[in-house]
Amino acid sequence: MDGIADMGGTRGWGPTHPPRIDEPVFEEPWQGRAFALGIFSIPVAGWNVDAFRHATERLDRTAYLDDGYYGRWLNSAELMLTESAILAPAAIDARARNLRGEHVEEPPIPEPARPDYAPTAEGSLRTVDVAPAFAAGERVRARDMSPPGHTRLPAYARGHTGVVDVVQPAEVLPDTNAHFLGENPQHVYSVRFDSRELWGAGTEPFAVTVDLFESYLEKIA
Amino acid sequence: MTSDGSAERLPPALRTEALEQLLTERGLVDPDAMDRLITQYETNVGPLNGAKVVARAWTDPAYRRRLLDDGTAAIAELGFGGPQGEYVVVVENTATTHNVVVCTLCSCYPWPVLGLPPSWYKDPAYRARMVREPRTVLSEMGLELPGDVEIIVRDSTSEVRWLVLPERPAGTEGLTEEQLVPLVTRDAMVGVARVEAP
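In order, the protein sequences belong to chains A and B.
Sequential numbering of the first sequence, starting at 1, is according to full-length UniProt numbering.
Sequential numbering of the second sequence, starting at 1, is according to full-length UniProt numbering.
Just so you know, these hints were derived from the structure itself, not from any lab.
One should not assume that every hint holds.
When the alpha-carbon atoms are kept at most 16 Å apart in a straight line, the in silico EDC-like pairs for lysine to aspartate or glutamate are as follows [said to hold, decoys possible]: (1) K122(B) with E122(A); (2) K122(B) with D66(A); (3) K52(B) with E167(B).
Remember, it's a predicted structure, so these values are computed and weren't measured experimentally.
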């Protein structure tokens, strides 16, 4: 989907921040807790990693940005646990207020509504019976599409032409798996794009490889 | 949460504590398992793993070949694997080619060999700009590349995870594998730095 998570090439973020020596893994203790809660909440909700990423990309700007990376984990977990009715809406805020001494009524625990979903195997790699549609060295175009649901086709690559660099193993298709509509495993291709194809003739020369699912690509006539 | 500022936003530390309490009091999440997971990534799974892989590749040509042919299997030879490392592709930086890794859509990163990503890797500026002006971004981060070096940016948009095999610095020919390990930095294995001789 188009949204704040799809950041490639977007403007307005200012300078990068140089690496710091000895940065702790978790700068504050809550960040480690939020990370672990995110990991362990996925099976509690009956979701998968693609659906969790889709929850993240559906966060509004405040929820996505203001509390940083582990804030995203926390807010994604809340969205996931609310949508699967493990938690009632606003349950976290109500408990948080009570933790700091307020006396607010907490919403009752709802009846869980986990999706009708079970993976066919662990992880994301799968074998598929059909041969890859594209070969290394072949010129391909990324489809110019803007699906409303989850996709891993970044906006900056859409409509642009590149060359298949490597045919990677087949993987579960995030576009359907994130919505519990099946794994639909597909071949994945590392497609190499020239910077001037992506950003225009005046761009500094470099290449970008993007790992794209077969259904994101079309042959060049 | 609000996006329009109409209600108070509670601090994430407090909301995290609330979520943990809500899940653990119903037995849905085990706080001891959370502790173990956090400790695992704070102490065991970090860039030292990747440094061992790189040092082995620098000193064992057959291992280097296996690593570039099948990164996942060669990394597993040293005992490393797990979440976000299901399929790792290793690319080699040389005097003429420089690979650098980004995830523009989230912050995908090869956890088993590098641990959890550092703050700069998750920064919107890095995610947005690395695919548009990598030479400028690398310069901001302290890496000046000669103009004739070809830059290849690796955007981690599928479950493929990318690891950079940095160039072995001149002047380290006499060092053993064990002596090379501490020279190899996380930043070099993402491609925003070079490995420097001691």
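If you draw a straight line from the CA of K122(B) to the CA of E122(A), is it 16 Å or shorter? Violated, because 27 Å separates the two Cα atoms, which is more than 16 Å.
16 Å Cα cutoff - pair K122(B), D66(A): With Cα atoms ~13 Å apart, K122(B) and D66(A) stay inside 16 Å; holds.
Pair hint K52(B) and E167(B), alpha-carbon separation not exceeding 16 Å: Roughly 14 Å separates the two Cα atoms, so the pair holds.
Of the numbered hints given earlier, the model fails hint 1 alone.
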